[in-house]
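Novice: So the chains spell out like this:
2 protein chains.
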Amino acid sequence: MAENRPKGKLYMLPVPIGNTEVYDVLPTYNKTIIDSLDYFIVENIRTARRFLSRAGINRPIDTLTFAELNEHTSPEDISKLIVPIINGQSAGMLSEAGVPGIADPGADIAALAHRNGIDVIPLVGPSSIILALMASGLNGQSFAFNGYLPVKQPERTRAIRFFEKRAQTEHQSQIFIEAPYRNAKLLDDFLSSCANTTKLTIAVDILDPTQFIRTKTIGEWRKAKPEINKRPAIFIIG
Amino acid sequence: MAENRPKGKLYMLPVPIGNTEVYDVLPTYNKTIIDSLDYFIVENIRTARRFLSRAGINRPIDTLTFAELNEHTSPEDISKLIVPIINGQSAGMLSEAGVPGIADPGADIAALAHRNGIDVIPLVGPSSIILALMASGLNGQSFAFNGYLPVKQPERTRAIRFFEKRAQTEHQSQIFIEAPYRNAKLLDDFLSSCANTTKLTIAVDILDPTQFIRTKTIGEWRKAKPEINKRPAIFIIG
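Protein sequence lines correspond, in order, to chains P and D.
For the first sequence, this note's numbering begins at -16 and goes up steadily by one.
For the second sequence, this note's numbering begins at -16 and goes up steadily by one.
For the record, the hints were derived by calculation from the structure and aren't laboratory data.
What you are looking at is a predicted structure, and each value in this text was computed from that prediction instead of being measured.
Incorrect hints may have been included.
One copy or two, either will do: identical chains are not told apart, so a pair holds if it fits within one copy or between any two.
[As the list claims (entries may be wrong)] Below 27 Å or equal to it, Euclidean Cα-Cα: the simulated DSS-like pairs (lysine-lysine) are:
hint : residue 1 : residue 2
1    : K(-8)     : K199
2    : K63       : K(-8)
3    : K148      : K208
Please put together the full structure from these sequences, using the hints given.
Specialist: Shown next, in the form of structure tokens:
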């Protein structure tokens, strides 16, 4: 009976970013865990199956169970996802790229696991936020990830100036992400809204062969803008 | 002549945390980079040599060049560290544990690299901050790492309340680190300063076999405090 079985665990499983070989950016230990699971909670089933196949999972993908967790999943459906784990089956949470739960789905199921006394085990993998910050030369003793800036004006410029001020007064690096097709526009908005001496890191195509990570002042960026349109990017103000 | 040689690159090289096998928490690709370098800028030379030996570097450690970069290094000495890279030699930056440049030395040399037009290349590895947040179930769309809280009162309680309020008003997870020997004290301070309904993640011994990561409300933690004294820890308020 379920009551007699120990609870399963919830593994937070990173997925590669960029066009990289799986085990160039994930420890091979992650495969040991992947091979031990047959229940996956995933942002997107198609992407997850492709990842598990590339990762060389040791049995047929058709024998595995997949459930989706993304912005379309209702709270009621999320609460059903935890039931197999309570009943003893471990699960792996996979987002489409990078680490689950950070700028990606996964936190909801981890929160539910904690409420049910289930261990949540994070594995090592690529976070574009951390990789960009490591390489930025900006303050890594205090930093904030703020997600996406508002799309509409005047909220957008107001938010940029708010975070620029916070970067200065609190000496806290301010990290942002943007949809690739809106990157060039965001760069223009930083260049028109921030002070000449403010530092801006532009990190695009992280871990790709075309990776470009550079920190300059807004004044320097104004003189020579890089071509970043449609390339996945992280921006950091410092 | 140096002017004719291409500049070197600066690699930000993660190091394991916890009592883990090196390649359980680092991709094997990192070894390819480590094996290609003979100049290392490190937080601590002894620890760095031990890590390179454990990582199985493919030649005698005595043939490598080491330079220290930590809180005792003067700005003048830091500016000397970049000279070999300008002259064409690539370097690896290693902190004592985890990822360099984040809650650890490394940002100063990365900043200097950017000012000299040198590529800074981040590699994948374990960040206790990111691992704790992934597993916390707290908001990973907006979060801040605030380093250490002030040690003295009344600044300490004031800071705890300031960040608790920011977690609520901005729905931004607030991450802190503490010296292991002061952990139990910090937990007591959270329990006496925060509201019953505030959520607190306690993450200790991350990636160790004794790993403990749990999110509960302050009210719940008050009823049963875990034994965390002298265990490396990350705390998150959400």
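Novice: For every hint, state whether the structure bears it out.
Specialist: We went through each hint and held it up to the structure:
{"no.": "1", "hint": "K(-8) x K199", "verdict": "between (44 Å within a copy, 17 Å between copies)"}
{"no.": "2", "hint": "K63 x K(-8)", "verdict": "within (16 Å within a copy, 49 Å between copies)"}
{"no.": "3", "hint": "K148 x K208", "verdict": "within (23 Å within a copy, 39 Å between copies)"}
In the structure shown, no violation is registered for any of the earlier numbered hints.
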